[in-house]
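Hey, can you work out the whole structure from these sequences and the hints?
At position 53 of the sequence shown the residue is numbered 52 (numbering that gives the first Met the number 0), and the sequence of numbers has no breaks.
Hints in this document: simulated from the structure, not taken from any laboratory. None of the values given here were measured: they were computed from a predicted structure.
Computed beta-carbon distance windows for the label pairs:
#, residue 1, residue 2, range
1, V90, E60, 31 to 39 Å
2, F4, I34, 32 to 40 Å
3, I45, L132, 29 to 37 Å
4, S50, I137, 15 to 23 Å
5, K124, H31, 41 to 49 Å
6, V139, W71, 29 to 37 Å
7, E133, I102, 21 to 29 Å
The C-beta atom is built at its ideal place from N, Cα and C for all residues, glycine as well.
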Amino acid sequence: MRESFRTGLSFGLTSGIITTLGLMVGLNSGTHSRIAVLGGILTIAIADALSDSLGIHTSEEAENHHTHHEVWESTFSTFVAKFLFALTFAVPILLFSLSTAVIVSIAWGLSMLILLNYRIAKLQKITPWKVILEHLTIAVAVIITTYFVGILLSYLS
0 MRESFRTGLS FGLTSGIITT LGLMVGLNSG THSRIAVLGG ILTIAIADAL SDSLGIHTSE
60 EAENHHTHHE VWESTFSTFV AKFLFALTFA VPILLFSLST AVIVSIAWGL SMLILLNYRI
120 AKLQKITPWK VILEHLTIAV AVIITTYFVG ILLSYLS
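Written out as structure tokens, the structure is:
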């Protein structure tokens, strides 16, 4: 797999997992509204995927050692990875009660984050558990923080 494609894919997947889970958990704890959570997922899939792909595009251009093709490959793979993966979180929302769907989504997202980071660590020939633990810690911190922000906002409304 080419480095530019791998960059976009890994960034898009990681961002898609952490951002979507944070938004889902925060909206659920603050509103307990299926439509708000589903709307949030669709917003992440569209707006944040476009924003992140533009961010990768700009970052790759700023490094000044990538070809035009590599920059666009990273841009496109970031968008597609984040867009499609964020949409996978809508499936549990449509199939289960909201509280069950959020739990299923957390399990799905964290499992995919573990798998992605395991593969990255193996490619880099480094110890997987360190990379996995680092990224899981960040993801769990986002989930916990957005849960409490949602609760706080529900009290303020």
